[in-house]
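Colleague: These protein sequence lines are chains A and B, in that order. The first sequence runs contiguously to residue 902 in this note's numbering. The second sequence runs contiguously to residue 1500 in this note's numbering.
Calculated directly from the structure, the hints in this document are not laboratory data. Here the structure is a predicted model, which is why all the values come from computation and not from measurement. Some hints could be false.
To be verified - Listed below are the simulated EDC-like cross-link pairs for lysine to aspartate or glutamate, each with C-alpha atoms no more than 16 Å apart in a straight line: (1) LYS825(A) with GLU850(A); (2) LYS862(A) with GLU1363(B); (3) LYS870(A) with ASP1346(B); (4) LYS839(A) with GLU853(A); (5) LYS1417(B) with GLU1399(B); (6) LYS825(A) with GLU843(A); (7) LYS1420(B) with GLU1363(B); (8) LYS825(A) with GLU848(A); (9) LYS870(A) with GLU1363(B); (10) LYS1497(B) with GLU1363(B); (11) LYS1311(B) with GLU1298(B); (12) LYS862(A) with ASP1346(B).
To be verified - Here are a few chain B residues that face chain A, going by a calculated C-beta distance under 7 Å: (13) GLU1321; (14) SER1325; (15) ILE1327; (16) ILE1329; (17) CYS1340; (18) ARG1341; (19) VAL1342; (20) TRP1372; (21) GLY1462.
Ideal placement from N, C-alpha and C gives every residue a C-beta, glycine not left out.
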Amino acid sequence: MDVKLYALSTCPYCRMTKRFLEEAGVEYELTEVDLLEGADKQAAIDEVKSISGGTSFPVLVAGDEVIVGFNKQRIKDVLGT
Amino acid sequence: MNDRPAPRRRFAEGTTVADLEAYMVPFVRHLGFKLNTEREFAHEVLQSEIEILDRDGDVYCPCRVRTGDPKEDIKIICPCIPFYLEQFNAMRKCWCGLFIREDVLDGAEMMGVIEEPEGPIEVRAAHVEDIAASRGLRVKIGKREIALFRTGNEVFALSNLCRHAFGPLSEGYVEGYEVMCPWHGWRYDIRTGHTDHPNADVQTHPVTVRDGVVFVTVPKPTE
Ligand code: SF4
Ligand code: FES
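Construct the complete structure from the given sequences, taking the supplied hints into account.
Modeller: This is the structure in structure tokens:
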């Protein structure tokens, strides 16, 4: 399953999510939206909006599932870790 | 002559976590929120805000991104609670978890999870003493304008907007269980929202009072 994480470098729940995924040995593709610039940043914001309906972080996409926030239980359920 | 030095501004260079805490906490208290009881976590969030202050020029929310649209971006300057009052009351915390509702004893329970429970939301609206017996009190809950009335120990909440020409019922004249709109005198029963005019009742909301604090229950906002 492809796992993608949209995060901000400043956001505590994003850090917790990263830590959790790393500890669980999950491979994921990370986009730190606030560190992007110009058109790349805008594209990433638009992507996050279309996926989650908002601009709040973290947004974890695993297959068809979208999880906003660091919801440990849901992440475990979805990833089967 | 007043030669006291000008007080240091709280968001000047060298701003500390303690500065931000001292600035924000007294305000959010008025909204029914407090600093997360997980202090280390709360301070981590505030530390992020200081980094953002240095980078972006103000204390933008660490968990949301500036879109570049000024109208949107002003809504994520911390504390953003007034812009998301209903949502945060439903979640019982602000988005980042920096602030939690006053009635949450242990902020650790709800760390991380960002989900709104279903159903109506109880929102802290005022202190009983803030409501004069002879006049109502206007409060805003999300986009709703609500008039609170008190007779003795009973508190009632109804839509603030008169159905005639939108006069503010909170400024009306109260007699017993009746309020008279201050603009043209339409009468409403503060218990039921009923008026004598046909098809012009106003919406009422359930109220609970706990420890002198008035909570109003509003339907879940439909975004
Ligand atoms: S969600 Fe919390 S931390 Fe973020 S801006 Fe709002 S009040 Fe501040
Ligand atoms: S607006 Fe209330 S009576 Fe006219």
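Colleague: Indicate, hint by hint, whether the structure satisfies it.
Modeller: Tested hints:
Of the pairs offered as hints, the one joining LYS825(A) and GLU850(A) holds, with about 5 Å between alpha carbons and a cut-off of 16 Å not exceeded. Between LYS862(A) and GLU1363(B) the alpha-carbon distance is near 30 Å, which puts this suggested pair outside the 16 Å criterion. For the proposed pair LYS870(A) and ASP1346(B), the alpha carbon gap of about 14 Å is at most 16 Å, so the pair holds. For the hint linking LYS839(A) to GLU853(A), the alpha-carbon distance of about 11 Å falls within 16 Å, and the restraint holds.
The hinted pair formed by LYS1417(B) and GLU1399(B) meets the criterion: a straight-line CA distance of about 13 Å does not exceed 16 Å. Restraint check for LYS825(A) and GLU843(A): the C-alpha separation of about 13 Å stays at or below 16 Å, so the hint holds. Taken as a hint, the LYS1420(B) and GLU1363(B) pair is honoured in the structure, with Cα atoms around 9 Å apart against an allowance of 16 Å. For the hint linking LYS825(A) to GLU848(A), the alpha-carbon distance of about 9 Å falls within 16 Å, and the restraint holds.
Using a Cα cut-off of 16 Å, the hinted pair LYS870(A) and GLU1363(B) is violated, with the two alpha carbons roughly 21 Å apart. About 8 Å separates the Cα atoms of LYS1497(B) and GLU1363(B), which keeps this hinted pair within 16 Å; it holds. Proximity of LYS1311(B) to GLU1298(B) is assessed by CA-CA distance (about 10 Å); at most 16 Å being required, the pair is judged to hold. Simply put, LYS862(A) and ASP1346(B) have alpha-carbon atoms about 14 Å apart, close enough for the 16 Å limit, and the pair holds.
The closest approach between the C-beta of GLU1321(B) and any C-beta of chain A is roughly 5 Å, which is under the 7 Å cut-off, so the hint is satisfied. Annotation: interface hint on SER1325(B) holds; nearest CB of chain A at approximately 4 Å, less than 7 Å. Of the supplied interface hints, the one on ILE1327(B) is violated, with its beta-carbon coming no nearer than about 10 Å to a beta-carbon of chain A, more than 7 Å. Proximity of ILE1329(B) to chain A holds as hinted, the smallest CB-CB distance being about 6 Å (cut-off 7 Å).
At its closest, the beta carbon of CYS1340(B) sits 4 Å from a beta carbon of chain A; the interface hint therefore holds under the 7 Å criterion. The beta carbon of ARG1341(B) comes within 5 Å of a beta carbon in chain A, closer than 7 Å, and the hint placing it at the interface holds. Residue-level restraint check for VAL1342(B) holds (minimum Cβ-Cβ distance to chain A is 5 Å; threshold 7 Å). Checking TRP1372(B) against chain A by beta carbon gives a least distance of about 6 Å; that is within 7 Å, so the hint holds.
For GLY1462(B), the shortest C-beta to C-beta distance to chain A is roughly 45 Å, which exceeds 7 Å, and the interface hint is violated.
Violated hints, in rising order: 2, 9, 15 and 21; the structure is consistent with all others.
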